[in-house]
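From first to last, the protein sequence lines are chains D and Y. Going by this note's numbering, the first residue of the first sequence is number 1, and it counts up by one from there. Going by this note's numbering, the first residue of the second sequence is number 1, and it counts up by one from there.
Calculated directly from the structure, the hints in this document are not laboratory data. Fair warning: there could be bad hints in the mix.
What the hints assert, rightly or not - Straight-line alpha carbon distances no greater than 25 Å define the calculated DSS-like cross-link-like pairs of lysine-lysine that follow:
hint, chain 1, residue 1, chain 2, residue 2
1, Y, Lys352, D, Lys227
2, Y, Lys123, Y, Lys8
3, Y, Lys136, Y, Lys123
4, Y, Lys216, D, Lys263
5, Y, Lys61, Y, Lys230
6, D, Lys227, Y, Lys61
Stated by the list, open to error - If you want a taste of the chain D side facing chain Y, the calculated C-beta under 7 Å gives, among others:
hint, residue
7, Pro85
8, Gly145
9, Glu172
10, Leu298
Quick reminder that beta carbons are idealized off the backbone N, C-alpha and C, glycines included.
So the chains spell out like this:
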Amino acid sequence: MIILGIDTSCDDTSIAVSRDRTVLANCISSQDSVHQEFGGVVPMLAKREHHANFQPVLMQALTEAGISIEDVDRIAITIGPGLAPALEIGVELAEQLAATHSLPIEPIHHMEGHLLSSLATNQDGSGGLDPSTVTFPALGILASGGHTEIVLISDWGKYEILGETVDDALGEAYDKVARMLGLGFPGGGKLAQLASFGNPRAYDLPLAMLQSGDCNVSYSGIKTATKRLIYEVSQNATQTLTTEQTQDIAASFQRAALFTFLKKIQKVLEKYPVNNVLLGGGVAVNTVFQEELERLLLPYEAKLSKPVSSRLCQDNGAMIAVAAYIHSQAQYHLPIEKLDRRPQWRLDDYSSALDFSSAL
Amino acid sequence: MNHIIFKKSSINKAISTAREALSAGKLVIYPTETSYGIAADATNPAAIQALRQYKGNRQNKPFSIIVSSRAMAEEYVSLTPLAAQLYEDSLPGAVTVISTGIPGTVAPGVMSENGSIGIRIPKQDVVLDMVALFGKPVTATSANPSDEKQPYDIAELLKSLTAQQKELVAVIIDAGTLSETLPTTIVDARGQQLKVLRQGEIFFDTSNSFSSDSPKQTIEQGSEIIRTYKSFWGKYPIILALSGEMGAGKTHFTKGIAHGLGIETLIKSPSYALVHEYTFIAQKRQLPFLHVDAWRLERSADINALGIEEALQQNGIVALEWATHGQALIDEWNSTAVILQVTLRAAEDESKRHFTIQASFPENLA
Chain D
1 MIILGIDTSC DDTSIAVSRD RTVLANCISS QDSVHQEFGG VVPMLAKREH HANFQPVLMQ
61 ALTEAGISIE DVDRIAITIG PGLAPALEIG VELAEQLAAT HSLPIEPIHH MEGHLLSSLA
121 TNQDGSGGLD PSTVTFPALG ILASGGHTEI VLISDWGKYE ILGETVDDAL GEAYDKVARM
181 LGLGFPGGGK LAQLASFGNP RAYDLPLAML QSGDCNVSYS GIKTATKRLI YEVSQNATQT
241 LTTEQTQDIA ASFQRAALFT FLKKIQKVLE KYPVNNVLLG GGVAVNTVFQ EELERLLLPY
301 EAKLSKPVSS RLCQDNGAMI AVAAYIHSQA QYHLPIEKLD RRPQWRLDDY SSALDFSSAL
Chain Y
1 MNHIIFKKSS INKAISTARE ALSAGKLVIY PTETSYGIAA DATNPAAIQA LRQYKGNRQN
61 KPFSIIVSSR AMAEEYVSLT PLAAQLYEDS LPGAVTVIST GIPGTVAPGV MSENGSIGIR
121 IPKQDVVLDM VALFGKPVTA TSANPSDEKQ PYDIAELLKS LTAQQKELVA VIIDAGTLSE
181 TLPTTIVDAR GQQLKVLRQG EIFFDTSNSF SSDSPKQTIE QGSEIIRTYK SFWGKYPIIL
241 ALSGEMGAGK THFTKGIAHG LGIETLIKSP SYALVHEYTF IAQKRQLPFL HVDAWRLERS
301 ADINALGIEE ALQQNGIVAL EWATHGQALI DEWNSTAVIL QVTLRAAEDE SKRHFTIQAS
361 FPENLA
């Protein structure tokens with residue numbers, strides 16, 4: 001089955017083509033510079049920008065995949081959560097495309113895309129977690145600029161959020177601390193790089209929420225404490241930080257930020273014996289996080305699966321296409337009267353609205 | 001029930017009938033310059049009990065009272081110099097002034113749990129004459145049962161009452177359909193600085209300063225502040241323009257705003273998604289509450305793409321973090337929306353926060 005996956009949940013216009021769960025093309029507007037005049041780091045949030053991007057990104061995706069639109073069997077579209085005007089234009093254009101070519105259109109929850117992104121395989125069919133080998137319950141770890149969630153997967157489509165951030169997302173905390181250190185935006189990736197050269201025990205930062213009793217995390221306290229730390233280390237902002245100081249602050253921040261999240265993941269593992277842990281979202285590319293997670297999972301004998309490419313960790317269309325493939329295999333779909341955007345939409349609310357009696 | 005149509009010729013009859021009813025512990029509905037109010041003898045426990053029954057669900061909320069003069073007020077509360085000045089400048093008028101009550105002077109439940117009493121001297125002669133003749137204060141609460149809208153018309157009010165509620169009312173002084181105004185402004189005049197607890201018909205030029213010792217307290221204060229403007233919910237668009245450095249407590253403050261609006265969803269930072277949309281209920285309608293974070297917007301014009309205008313056009317509420325990135329939008333709504341400029345600042349001390357709030361109101365009000 002050839003699936004066209006579309007995601008316009010936030011800054012990027014992303015369109016991908018998959019054959020079942022094999023990614024044939026995965027185009028992202030800001031990465032592929034199809035519209036150089038709008039390109040760069042500016043968020044593509046205006047409707048007209050998604051509108052302008054749509055056709056060129058679609059063409060590029062079809063070309064890269066080596067197919068024509070007539071070969072497509074269905075369209076999968078993110079209808080939420082995300083930025084309302086951005087979602088709206090994506091839904092509208094996907095619907096027009098589906099009508100023009102008489103294609104079925106499958107609504108997908110953006111976070112289900114991230115959750116299932118490790119199932120995607122490379123173009124040659126290599127890599128990717130084989131869904132038939134997954135045993136339930138499995139665990140989903142989602143961490144990005146907009147989300148931080150620990151999800152219990154009791155079956156495909158059956159999701160329960162066991163823990164989440166109560167304020168800032170993990171990726172957001174990275175980006176904000178990066179900006180405080182003058183690393184630009186989004187600088188979370190750079191921050192993680194610097195951290196690998198620093199001493200994670202150079203400075204003590206608070207470990208929030210450890211006593212909260214639940215599996216939620218909070219990053220606003222760590223963020224504020226890091227800000228104060230930068231102020232102190234720079235002698236009340238009178239001196240420029242040395243490279244070593246910057247690296248040590250980055251490493252200490254990373255240690256504190258990851259420590260609480262890992263502790264909460266451990267808490268879940270104690271309660272739910274799982275064999276499979278699926279990692280998704282932008283923070284999944286952080287190698288320290290991956291290593292720490294691997295180490296945490298070792299005694300529980302759980303297998304960590306992560307997306308085969310960094311592009312699959314960002315907001316992208318391929319994960320949406322793969323989610324639609326899983327829908328068809330596991331025979332479930334979201335029953336809706338009218339295709340409409342849902343900017344504020346929890347994964348567990350989506351899950352409980354699914355119809356498990358048939359595929360679309 | 002004695003339904004008296006209020007005319008010049010009926011004024012004496014209205015007042016004397018009302019006085020009789022009040023003396024007997026009954027309830028009287030009367031017109032004021034804001035809406036219709038309901039009077040019970042504020043010194044009679046049985047009358048207050050009857051009023052609670054009439055109003056329904058209001059837990060332990062105290063009742064403000066009406067007096068006919070400052071001299072009468074001083075029999076029940078002690079006035080600070082600030083309060084005395086207010087009586088001089090703003091009363092009679094649509095202001096309720098909170099002062100420290102004199103214990104034992106009013107029936108239980110009239111005074112708040114912390115010992116304060118709200119006092120009002122309405123700009124409505126029939127009420128002032130009624131209270132003067134009665135010689136004791138009466139309750140100032142609006143005549144609608146709790147959870148119903150402010151009453152401006154007797155026929156409409158009667159429609160919302162049950163038979164039992166009607167039973168409790170002895171006299172209605174009907175002055176026809178009153179013009180719909182905001183309720184009284186409630187101010188706390190116990191300290192050295194005036195604190196507006198509910199913004200209503202009358203505007204005071206106050207810049208309120210607060211401080212908070214914990215994130216929890218910041219949330220509580222956010223909640224308290226939006227409730228101060230409850231009379232405006234759904235009637236006017238409201239913009240909370242939040243400024244302050246990273247870590248100053250803007251998101252916690254917004255959690256409080258949402259809590260105050262009765263939104264139970266977990267409020268998370270919208271930095272990445274730029275805007276999170278919730279709904280709250282006011283004027284019996286579902287209205288949008290937008291939590292916007294302009295932090296990562298590179299171009300200020302991008303703020304126009306976030307659906308803020310649409311929310312404001314519906315008289316929704318917008319909490320805008322990094323408000324300096326949205327100054328053009330705020331300027332544009334300056335004459336039509338309630339704008340609360342909230343500045344948050346982290347103190348040297350780890351957990352302490354200071355904030356100030358400056359309110360501005362639509363041109364047709366202020």
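For a quick check of understanding: which of the numbered hints are violated here, in increasing order? 6, 10
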